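In order, the protein sequences belong to chains A and B.
Numbering-wise (the working numbering), the first sequence opens with residue 1 and increments by one.
Numbering-wise (the working numbering), the second sequence opens with residue 1 and increments by one.
Please note: incorrect hints may appear among the correct ones.
[What the hints assert, rightly or not] Once the Cα atoms are required to be at most 27 Å apart in a straight line, the calculated DSSO-like pairs of lysine-lysine come out as:
#1 K181(A) <-> K290(A)
#2 K67(A) <-> K42(A)
#3 K307(A) <-> K178(B)
#4 K42(A) <-> K290(A)
#5 K307(A) <-> K177(B)
#6 K178(B) <-> K199(B)
Since the hints were derived computationally from the structure, they do not count as laboratory data.
If you're wondering where the values come from, they're calculated on a predicted model, not measured in any experiment.
Residues per chain are reported as follows:
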Amino acid sequence: MIEYLQILGQEVYKIVFLLVPILVSVAMIVWLDRRVWGLVQKRRGPNVVGPFGLFQTLADALKYIFKEIIIPASANKVVFIIAPIVTMTLALVAWAVIPMSEELVLSDINVGILYLFAVSSLGVYGIIMGGWASNSKYPFLGAIRSAAQMVSYEVSIGIIIINVLLCVGSLNLNDIVIAQKNLWYVIPLFPMFVIFFISALAETNRPPFDLPEAEAELVAGYQTEYSGMMYAMFWLGEYANILLMCALGSILFLGGWLPIMDVYPLNIIPAPIWMISKILFLFLLFALIKAIVPRYRYDQLMRLGWKIFLPFSLIYLVFTASFLFYFEKLPKVNF
Amino acid sequence: MIVHSIFFYFFSIIAIFSSLMVITSRSTINSVFFLILDFISVGCLFIMVGAEFLGMILLIVYVGAVAVLFLFVVMMLNVAEQKQSWFIGKKSTHIPTGLIVSVLILLELLVVVGGWKYKEDVMSSSTLVLSNISNTHQLGLVMYTDYILYFQLAGVVLLLAMIGAILLTFRERVGVKKQSYFTQISRNPSTAVELKDVKSNEGVKLDD
Numbered sequence: 001m002i003e004y005l006q007i008l009g010q011e012v013y014k015i016v017f018l019l020v021p022i023l024v025s026v027a028m029i030v031w032l033d034r035r036v037w038g039l040v041q042k043r044r045g046p047n048v049v050g051p052f053g054l055f056q057t058l059a060d061a062l063k064y065i066f067k068e069i070i071i072p073a074s075a076n077k078v079v080f081i082i083a084p085i086v087t088m089t090l091a092l093v094a095w096a097v098i099p100m101s102e103e104l105v106l107s108d109i110n111v112g113i114l115y116l117f118a119v120s121s122l123g124v125y126g127i128i129m130g131g132w133a134s135n136s137k138y139p140f141l142g143a144i145r146s147a148a149q150m151v152s153y154e155v156s157i158g159i160i161i162i163n164v165l166l167c168v169g170s171l172n173l174n175d176i177v178i179a180q181k182n183l184w185y186v187i188p189l190f191p192m193f194v195i196f197f198i199s200a201l202a203e204t205n206r207p208p209f210d211l212p213e214a215e216a217e218l219v220a221g222y223q224t225e226y227s228g229m230m231y232a233m234f235w236l237g238e239y240a241n242i243l244l245m246c247a248l249g250s251i252l253f254l255g256g257w258l259p260i261m262d263v264y265p266l267n268i269i270p271a272p273i274w275m276i277s278k279i280l281f282l283f284l285l286f287a288l289i290k291a292i293v294p295r296y297r298y299d300q301l302m303r304l305g306w307k308i309f310l311p312f313s314l315i316y317l318v319f320t321a322s323f324l325f326y327f328e329k330l331p332k333v334n335f
Numbered sequence: 001m002i003v004h005s006i007f008f009y010f011f012s013i014i015a016i017f018s019s020l021m022v023i024t025s026r027s028t029i030n031s032v033f034f035l036i037l038d039f040i041s042v043g044c045l046f047i048m049v050g051a052e053f054l055g056m057i058l059l060i061v062y063v064g065a066v067a068v069l070f071l072f073v074v075m076m077l078n079v080a081e082q083k084q085s086w087f088i089g090k091k092s093t094h095i096p097t098g099l100i101v102s103v104l105i106l107l108e109l110l111v112v113v114g115g116w117k118y119k120e121d122v123m124s125s126s127t128l129v130l131s132n133i134s135n136t137h138q139l140g141l142v143m144y145t146d147y148i149l150y151f152q153l154a155g156v157v158l159l160l161a162m163i164g165a166i167l168l169t170f171r172e173r174v175g176v177k178k179q180s181y182f183t184q185i186s187r188n189p190s191t192a193v194e195l196k197d198v199k200s201n202e203g204v205k206l207d208d
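Chain B extracted, bound-state conformation (with noise of 0.2 Å):
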């Protein structure tokens, strides 16, 4: 029990430690790998309490996925280092704006805890958590059965957000010639080329 505790505060160590490094290092590149690293730990404390699942879950989407994407945008912007910081240097404006909506998610995350009502179907059912299933196969039972609605609704939402991203950034453009495979390949002697009889000083226009 007491190597438990011991990786757990080293793992909930370094996620607080890097968490704080997150917002006050001054280079966005080195945000971006505290961020990483930060996640890892968090995954790290979801198997220990046995969350085997979420834990993969995260490091694959997050640290996998979103986490590349966040490091391949900074560094294709190549943000510049930070002048202002939380603490040393210059007062920055953005501080009492971040506060504030900081303020304001405190409460509603408190307002939300506060008033977190559990399915009582999921905490009252002991079989469930009790029998020996797996962790994947009992989140599995309550997503598929009781929540199919929500988790629908989650893959629906997220399509909305990927159909406006494409919607957003796409622009048709004109002049621009597009390789077609088939075309290409099917191509032989006969269709591909043509001969023309050049008269003297003129030359012909080849590309229509």
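In isolation and in its complexed conformation, chain A is listed as follows (with noise of 0.2 Å):
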């Protein structure tokens, strides 16, 4: 019992030093997400506050920390708060399993690309049960929306996984990054990056497909009615959910924590910064994506998902397995 509270608390230890990093960076990754959505604009963004505006972020918190929690009269009250609790916990649990390095990772699971899966795609109940426990027309609309949203481009972005996980044969994180030491996946799998990325942008309701929070229909959205510190747990769980598609983004296509090219200036540079730069890359792309593409219409959302993708990454998916039986690239399995 003794040996397992030592073991226990050595997990605690690394679980603070994941977390306090993420939250800190969700922070930064707000600014820097204002910062360029103001620069393609012609605009400053936040530069007030803190060097260069870093603290914008922290301040924004303090504020809806001190602002009063209102809970609407007929909303669901247990409903109400667990939603935005389940947003946030689900951003931050799937962390456990991304490889920052080949050490440096919380649990280095068997499965660990169908968890992420699987929390990514939990994920969901977050928006619907704030949007119905609020009890009012907007959220419910948004929430609606939201569900329709992510169930349909979870399809095309699982067979995307398919296709990667059938060149790499293993549903390990590391093993997928280690599969790609000579050609990241981004070249043979090109289209698949593509339609992963914009799935991307469908699955954390970024625009152009924010349609759950459109805010010239909706109001808000689902978070018409939270204030506060319930808010501002949305807010978080969303933006952390955006970095986590990132970083699932870059583990996929862009070799993870591998450096461009095993060669000498480039190898000493430590796997973390390659890691977290490829992940800040694709925000790159994710923010100005935000800052120059208009809002989809509702029906060509779900065109674009049900009609292109899904087929589109279907016929890739035959395609890649054909390639690789005809040319005897099929992964071996070591028994």
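Since each chain comes alone in its own frame, lean on the hints to assemble the complex.
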């Protein structure tokens, strides 16, 4: 029992040292997002609080903490309070399996990619629960939209993951990274990378697919009735999810913690820095897309997911499998 | 080991409690939430016995897709709170029917499990179970070799269910204007704009 408590203590220590950097980087990423958005529109963006406005998010968070939490009288109180907690927990829990280097990972499980997929598909619950429990029309419409959207785009993300797994032959995230030692999968599977990126935008409710919170039609969608700290939790969970999708994209296609080339000046840079720079690169693309692309109409969104992405990724899956089979490149499993 | 059993009892108590709550709770939405909790704790039990692949698939398929659609339907239909309950309030007429069906299912399960015959190869091949290959590979080795026919047949059954559902709900709507992306993008002023001479007091019919 004492031994177990020691192990538990070590795990808690590791978890704290994983969660604190993630929360801090979420705050920084919000700043980056707003800054890029501002620069694209020839504004300055947040630049007052702290150097370059870096502490803007912290100031916002502080403001949210001291604001009053208002619970609507007709809301289902339990579900209303649980919803932001679910969103935030699921967004943070998924980081347990993301490898920052070969050793620097909280739990290196065999079915890491399935775990990530499962957790990201659970993310829809926070939104549905929040929208339903508010007992108001706009949040409910937003929740319904978001449920349909996230379930649709999950299907194509699943098939894209199968494409990568066919080339790797393992569900372990570290194995997926190591399999890209010679060639990043972004080159042979480039169409899949594009579809993954667009599906990730839809999965995280980012513009141009931010229909669940389309401010022109639905006020703020499922978060309309939320205020104070609970709103901030939705918001943090959303950005943690975006970072997670960037991390997943860099593991699946951009070689995770591997350097660009295994040559002298590049391979002395530590692995976590490579991983972080790839995540940041993908996030910059996310931020630019938010600034330059107008919002989709709802039927166009559904058509894109079911009639274009799904058939195309299925056809590409058949193509990948045939290619690997014909040239005998299928991964070998050592028994 | 003791920690293992603590976790086992933790998850199984939650699973049993939430499955009881699914059938006893009055609001339908709460039933669905407890169903989700039940799925999650059963998934955890799967992972605890080492069937990690099955546990994750349970989470992805049932919690991530099926239960979302359940919740969706229950919220959309706005099912009223049930007046009758299992043990409180008036006697329900559904209970005898439900009891008959569940007793029948129990008997069927007893017959099936009693006459269960494992395929000899799977049970006897100790190499497959004891070797250090992962759970997922083991499952794939059995499923795509010995049971490939059943696997494919299950897929065909699912496909049939999907086609049936589409066929039942499909209705051809007349008089609905659909947007064709190609014609819209390939429009140009010469094809899109038409000039008409409108005579006084007569008007003109624009849309055909």
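Each hint, compared with the structure:
Under the criterion of a C-alpha separation no larger than 27 Å, the hint pairing K181(A) with K290(A) is inconsistent with the structure, at around 32 Å. Simply put, K67(A) and K42(A) have alpha-carbon atoms about 32 Å apart, too far for the 27 Å limit, and the pair is violated. Proximity of K307(A) to K178(B) is assessed by CA-CA distance (about 15 Å); at most 27 Å being required, the pair is judged to hold. A C-alpha spacing of about 15 Å is found between K42(A) and K290(A), which places the hinted pair at or below 27 Å, so the restraint holds.
Distance hint between K307(A) and K177(B) is fulfilled; the C-alpha atoms sit about 19 Å from each other, no more than 27 Å. Between K178(B) and K199(B), the direct Cα distance comes to roughly 32 Å. Violation of the 27 Å bound is thereby established for this hinted pair.
Violated hints, in rising order: 1, 2, 6; the structure is consistent with all others.
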